[in-house]
Amino acid sequence: MLRRLVRRCATAVLTLLLVTLLVFGLTHLVPGDPLTGESADPGVRPLTRDRLEQLRTLYRLDRPVPVQYGLWLGDLLRGDLGTSFSDGRPVLEKMTERLGVTLLLNALSLGLMVLLAVPLGTLAALRPGSRLDRWTGGLTYALYALPVFWAGLLLQIAFSVRLGWLPLFGLASEGAAGLGAAARLADRAAHLVLPVICLGYGGLAYLSRFVRANLLDNALIESGRAARARGLSELAVLVRHGFAQAAVPMLTLAGFLLPALVGGSVIVETIFAIPGLGMLFVEAVLDRDIPVLMGVTLLGSSATLAGILAADLLYAVADPRVRRGEVA
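Counting with our numbering, you get residues 1 to 328 for the letters of the sequence shown.
Rather than coming from a laboratory, the hints here were simulated on the basis of the structure.
Here a beta-carbon is modelled for each residue, glycine too, at the ideal position from N, C-alpha and C.
Treat the hints with caution; some may be incorrect.
Pairwise CB distance ranges, derived in the manner of DEER restraints [what the hints assert, rightly or not]:
id : residue 1 : residue 2 : range
1  : 275       : 17        : 43 to 49 Å
2  : 132       : 71        : 57 to 63 Å
3  : 96        : 14        : 25 to 31 Å
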C-alpha cells in the first residue's frame with residue numbers, strides 16, 4: 001500500500017511538472033510581447049522604451065525561456081507565485097479572492113450530481129428495459145451530448161430573458177449590499193441556480209447511467225440471487241448488495257468528476273460573468289498575464305491530480321485485492 005502511494009505521488013508530481021512546462025512554453029510561443037500593445041483607454045500614455053526595458057528586467061522577460069521557467073519553479077518552491085503583469089498585485093492574492101466562489105460553485109454542482117444521479121440510476125435499475133428506464137436513458141444521453149456553452153445560453157434565454165425568473169449573470173443584484181442577511185442569501189442563491197445546473201448536468205447524466213449499469217451488474221451475482229430467495233424486494237437487493245458491490249467503481253469515477261468540474265468552471269463562469277478562478281484564467285489568457293495564467297493552471301492541475309489520487313487510494317482501501325498487490 002505504501003509503495004503504491006509513493007509511486008502514485010511521484011507520477012502526480014511528474015505530471016504536474018510536465019503540465020506547467022507545457023503551458024509555460026505555449027504562452028511564450030504566442031506572437032508579441034505581454035508588456036506591449038495599445039491601451040483601450042485613450043487617456044493612458046504608452047510606455048516609453050526605457051520603462052519597457054525596466055519592466056522586462058523586473059519580470060525577467062529579458063531572460064531565455066528555460067531560465068524563466070527555472071526561476072518560476074524556484075519561486076514556487078518558496079511559496080511565491082509571482083506578480084501579475086496587469087495590475088502588479090501578487091498572484092496568490094488575486095487567486096485567493098476568487099477561490100471561494102469557484103469552490104462553492106463546484107461543491108454545489110457535485111452535490112446536485114450525487115443527489116439526483118443515485119436515485120435516477122437506482123430507479124432505472126429496478127426496472128431495466130421499462131418505459132421509465134428508456135425515458136431516463138434517452139434524457140441523460142441527450143444531456144450528456146449537449147455542449148456546456150450552448151446549454152448556458154439556452155438557460156439564460158429561457159429563464160432570464162423570456163421568463164425573468166432568475167438573474168442573467170453575476171453573483172449579486174444591484175443594491176444587494178443594502179439588504180438584510182436573509183435577502184442577500186436569497187439573492188446569491190438565485191444567481192447560482194443557473195450556473196450550478198449548467199455545470200452539473202453533464203456529470204449528472206453520466207453518473208446516473210453509471211450507477212444503473214453497476215447496480216445491474218452487481219445486484220445479479222450469487223449474493224443477490226440468495227437475497228431474493230430469502231424474500232427480499234428488488235429495492236432491498238439493490239441497496240444491500242448492489243451498492244456494496246458497486247462502491248469500488250463508483251469511487252474510481254468520483255476522481256474523474258473533478259477534472260470535468262474544473263474544466264467546466266472556465267466556460268460556465270465566463271458565460272455567467274461569475275468572478276471565480278475560471279474567469280480569472282480567461283482574463284489572464286486575454287491579457288497574456290503569464291504569472292496569473294501559471295498560478296491558475298498550477299492550482300487546477302493540482303486539484304485534478306489530487307482528486308484522481310484520492311480516488312485511487314480509496315479504490316485500494318475498498319478493494320482488498322489492490323492492497324494485496326493482486327490488481328495494479
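Would you pick out the hints that fail for this structure and give their numbers low to high? Hint 1 alone not satisfied by this model.
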